[in-house]
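Line by line, the protein sequences are chains C and X. Here the first sequence stands for residues 1 to 549, numbered as in the numbering used here. Here the second sequence stands for residues 550 to 834, numbered as in the numbering used here.
There's no promise every hint is true.
What the hints assert, rightly or not - Among the chain X residues that face chain C by a calculated CB cut under 7 angstroms, a handful are:
1. W587
2. D605
3. V609
4. S632
5. P635
6. T644
7. T681
8. Y698
9. Q782
10. I789
To be verified - Covered stretches of chain C (chain X as the covering partner; in silico rule of three or more C-beta atoms under 8 angstroms from a C-beta of chain X):
11. 331-339
12. 373-381
Don't read these hints as lab results, they were simulated from the structure. Predicted model only: the values in this text are computed from it and were never measured. Backbone N, C-alpha and C fix where the C-beta goes; we use that ideal spot for every residue, glycine too.
Listed below, chain by chain, are the residues.
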Amino acid sequence: MVAISGEDIPVVHDDHDEKPRFFERWFYSTNHKDIGTLYLIFGIISGLVGGFLSFMMRLELMAPGIDIFTNEHTYLVFVSMHGLIMIFFMVMPALIGGFGNWFIPIMIGAPDMAFPRMNNLSFWLLPVAFICLMISFFVPGAAEGNGFGGSWVMYPPLSTTGSPGPAFDFIIIGLLAAGFSSIFGAINFITTILNMRAPGMTMHKMPLFAWSVLVTAFLLLLALPVLAAALFMLLTDRIEGGTAFFDPARGGDPQMFQHLFWFFGHPEVYIMILPAFGIVSHIISTFSKKPIFGYLGMAYAMVAIGVVGFVVWAHHMYTIGMDVNVKAYFVLATLVIAVPTGVKVFSWLATMWGGSIRFTVPMIWALGFIFLFVVGGVTGVMLANAGVDTYLHDTYYVVAHFHYVLSMGAVFGIFAAWYYWHGKMFGYHYSGFLSRLHFWLFFIGVNMIFFPQHFLGLNGMPRRYVDYPVEFEFWNQVSSWGAFVTLASVVVFFLVMAEAFLMRKKRKVGNNYWGEGATTLEWTISSPPPYHQFSVLPRIDGGDEDHAH
Amino acid sequence: MRALNAMLSTAGAGLLTLMSAGAAFAQDRQVGPTQDGWYLQEAATPVMEELTRVHDIVQVIITLIVIFVVGLMAYIMIRFRESKNPVPSKTSHNTLIEVIWTVVPVIILVIIAIPSMNLLYMQDRLPQTQMTVKVVGNTWNWLYSYPDYENVEEYVSNPLDETQSKQVGQPYLLATDAPLIVPINTKVKVLVTSVNNMHAWAVPSFGVKMDAVPGIINETWFEVFEEGTYYGQCSEICGINHYYMPIEVKAVSQAEFARFIAGGGEVEDKFAKLEGGAAVSAAND
Chain C
1 MVAISGEDIP VVHDDHDEKP RFFERWFYST NHKDIGTLYL IFGIISGLVG GFLSFMMRLE
61 LMAPGIDIFT NEHTYLVFVS MHGLIMIFFM VMPALIGGFG NWFIPIMIGA PDMAFPRMNN
121 LSFWLLPVAF ICLMISFFVP GAAEGNGFGG SWVMYPPLST TGSPGPAFDF IIIGLLAAGF
181 SSIFGAINFI TTILNMRAPG MTMHKMPLFA WSVLVTAFLL LLALPVLAAA LFMLLTDRIE
241 GGTAFFDPAR GGDPQMFQHL FWFFGHPEVY IMILPAFGIV SHIISTFSKK PIFGYLGMAY
301 AMVAIGVVGF VVWAHHMYTI GMDVNVKAYF VLATLVIAVP TGVKVFSWLA TMWGGSIRFT
361 VPMIWALGFI FLFVVGGVTG VMLANAGVDT YLHDTYYVVA HFHYVLSMGA VFGIFAAWYY
421 WHGKMFGYHY SGFLSRLHFW LFFIGVNMIF FPQHFLGLNG MPRRYVDYPV EFEFWNQVSS
481 WGAFVTLASV VVFFLVMAEA FLMRKKRKVG NNYWGEGATT LEWTISSPPP YHQFSVLPRI
541 DGGDEDHAH
Chain X
550 MRALNAMLST AGAGLLTLMS AGAAFAQDRQ VGPTQDGWYL QEAATPVMEE LTRVHDIVQV
610 IITLIVIFVV GLMAYIMIRF RESKNPVPSK TSHNTLIEVI WTVVPVIILV IIAIPSMNLL
670 YMQDRLPQTQ MTVKVVGNTW NWLYSYPDYE NVEEYVSNPL DETQSKQVGQ PYLLATDAPL
730 IVPINTKVKV LVTSVNNMHA WAVPSFGVKM DAVPGIINET WFEVFEEGTY YGQCSEICGI
790 NHYYMPIEVK AVSQAEFARF IAGGGEVEDK FAKLEGGAAV SAAND
């Protein structure tokens with residue numbers, strides 16, 4: 001890997017921390033930190049929208065019967081939009097766009113991203129995409145209702161002949177915009193990380209968060225064009241007398257869409273979780289006051305997860321009627337992923353072993369992450385077995401599984417990062433009490449929602465059902481009570497933010513407010529960092545590769 | 550103990566009420582989701598028995614893994630907390646332990662993979678089947694036919710609404726007006742396809758779930774041990790009534806199945822039988 005030496009990069013020297021005026025700063029922004037902040041704000045807003053949708057779903061499912069929704073279609077619209085919004089507009093913007101933008105340049109000792117204007121474009125495509133999705137809610141779709149109810153997987157024929165009206169077209173356009181946003185972001189991150197590391201920072205000294213975002217960016221770059229192609233095909237298939245890629249009556253193959261979708265969709269789940277892996281590594285290391293255990297193993301475990309993640313897609317499709325030998329291959333390939341994932345979990349534990357552990361707020365979120373990710377991970381091993389998955393496929397067991405790794409894995413990663421870097425980003429600290437309350441309410445809430453869903457799935461309850469037989473009532477009720485607890489925790493989260501903002505004068509923090517253990521470059525600069533950091537590039541001294549990151 | 554007894558007898562009374570409500574079908578064995586259940590449905594076929602076994606093996610292994618990781622985490626959190634261990638070590642390598650935590654998971658995965666593969670091939674490789682049923686998904690009901698028997702016409706299986714389900718004493722959102730009728734102890738091949746949206750024909754207690762895809766005919770199989778009524782639900786999103794296209798399979802004795810076929814595949818009218826049943830119970834009073 002040839003890295004361009006940092007000194008060759010021209011650095012603009014007008015960095016007297018003069019910020020542009022409001023409109024230019026926030027709308028024309030090319031500053032990675034401002035764009036990161038915009039991404040985070042955007043993620044919070046979409047998180048609220050997506051969370052509202054899921055809360056309404058839980059209200060509906062609290063008791064048998066159709067009580068909250070006036071028609072079944074609207075429920076399915078909520079299900080579909082919840083998935084799309086949480087994935088494309090909450091988790092990805094927060095982890096990659098938000099924390100990635102904020103901290104990748106700082107952690108690798110770069111003044112900014114490689115392509116600041118493209119960075120601006122990446123962000124502003126997202127609100128456009130989001131508006132398209134919001135319009136979709138209110139324009140005609142299937143069943144004389146508004147919106148698209150074909151779930152986030154968008155399988156044809158339900159998404160072609162089964163969803164007339166412009167609602168789904170708006171979603172396609174929105175997702176294409178979001179996809180291009182991510183592709184541009186990925187190009188930016190790859191270029192930045194490969195070319196703009198500070199002098200002396202070799203790939204093997206790079207912080208693990210940078211590693212995780214690098215792998216994620218490659219996954220985005222390779223997976224999203226496939227989604228874009230599949231979406232275009234859907235779009236032209238939907239035109240009256242248009243193409244017939246997925247229409248069996250005219251020689252098309254609806255299962256082809258599923259292959260294309262999951263060829264994107266499986267790497268997508270790693271796109272969502274890998275940055276959280278990186279963040280958790282830093283937090284565990286910081287609060288154990290120890291370097292990461294097995295740094296190289298950790299970095300290459302992520303690379304391995306990324307690579308293997310591309311060859312396991314059909315484990316989402318065990319029931320479509322694939323050849324048994326193909327299924328056997330996908331079972332074995334999927335099980336293999338457990339190995340690098342295990343390496344990561346055990347390395348986190350080994351990092352803590354012998355450490356001097358402080359149970360700060362980000363640390364408890366990171367510990368919560370490990371626990372919940374392990375629970376979600378082992379049910380993944382169960383689902384990997386095509387034989388057993390025949391029973392569990394499309395039941396609530398799957399819902400429980402992927403919410404344990406996403407709603408709890410990725411989201412715990414997001415909150416851990418939020419509390420870890422809050423002072424760095426804003427310059428002041430938050431209330432310890434309130435943020436711990438947030439953690440415990442959220443932890444109890446999401447476990448209450450999703451643990452009983454394993455039972456529902458084992459008992460056979462299918463997904464995406466607006467109403468269910470009375471046999472499933474009890475665990476659905478428990479699950480819905482969990483939604484109330486989670487709602488309370490969201491309220492507390494906003495209290496944390498508001499309280500911290502009001503107290504900002506009294507809670508100023510220094511450069512390295514976590515002290516010993518926080519060794520990456522963001523802790524060497526002020527909190528918040530200057531508008532342009534590193535006009536003189538930092539030098540990373542030699543020394544043991546694995547200890548210098 | 551007394552409280553427990555009271556609870557049990559209440560539950561028993563509840564159950565009895567339910568049974569008597571469906572006088573006509575009370576003697577039927579109904580297999581579907583259990584009330585507030587938290588485990589796999591009862592196994593009604595050899596595949597489901599094997600599936601249950603593999604599930605249990607994996608469940609035990611993953612439970613032990615979670616207990617091990619959580620236990621280790623708790624131990625580390627207590628033993629190495631800041632107040633107890635103020636000076637952190639600087640260890641960041643241990644080749645032996647890294648090899649162990651790579652190799653041991655591989656061994657565990659091999660242990661899981663062997664029974665898993667057996668199950669997969671047992672489930673997927675069709676044995677010599679003795680008869681064939683054809684299942685066609687339609688938005689939003691199921692069409693059943695018996696390609697082996699030309700005299701049997703394809704019939705539609707529609708869900709029963711809430712009142713109707715109560716009348717016949719079957720669970721709402723699982724009961725249909727016309728179940729798929731199959732003989733017990735017979736290897737049945739199932740052909741599954743769809744005429745419009747995708748659906749999935751799923752009967753959990755059979756360990757069967759097969760997507761119904763337009764333009765493609767999928768096949769699977771089952772062999773039911775015991776007579777009874779087995780329930781399933783559509784398991785691939787198919788539009789607004791996705792939740793309202795249940796699957797009901799009635800496994801009958803081979804003699805009764807022969808009568809069913811001889812009679813041209815006329816599915817008995819549940820309501821007609823109900824009225825008869827009501828008359829009988831009235832006469833008993």
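Of the numbered hints stated previously, which ones are contradicted by the structure, given in increasing order?
Violated: hints 2, 3, 4, 6, 7 and 8.
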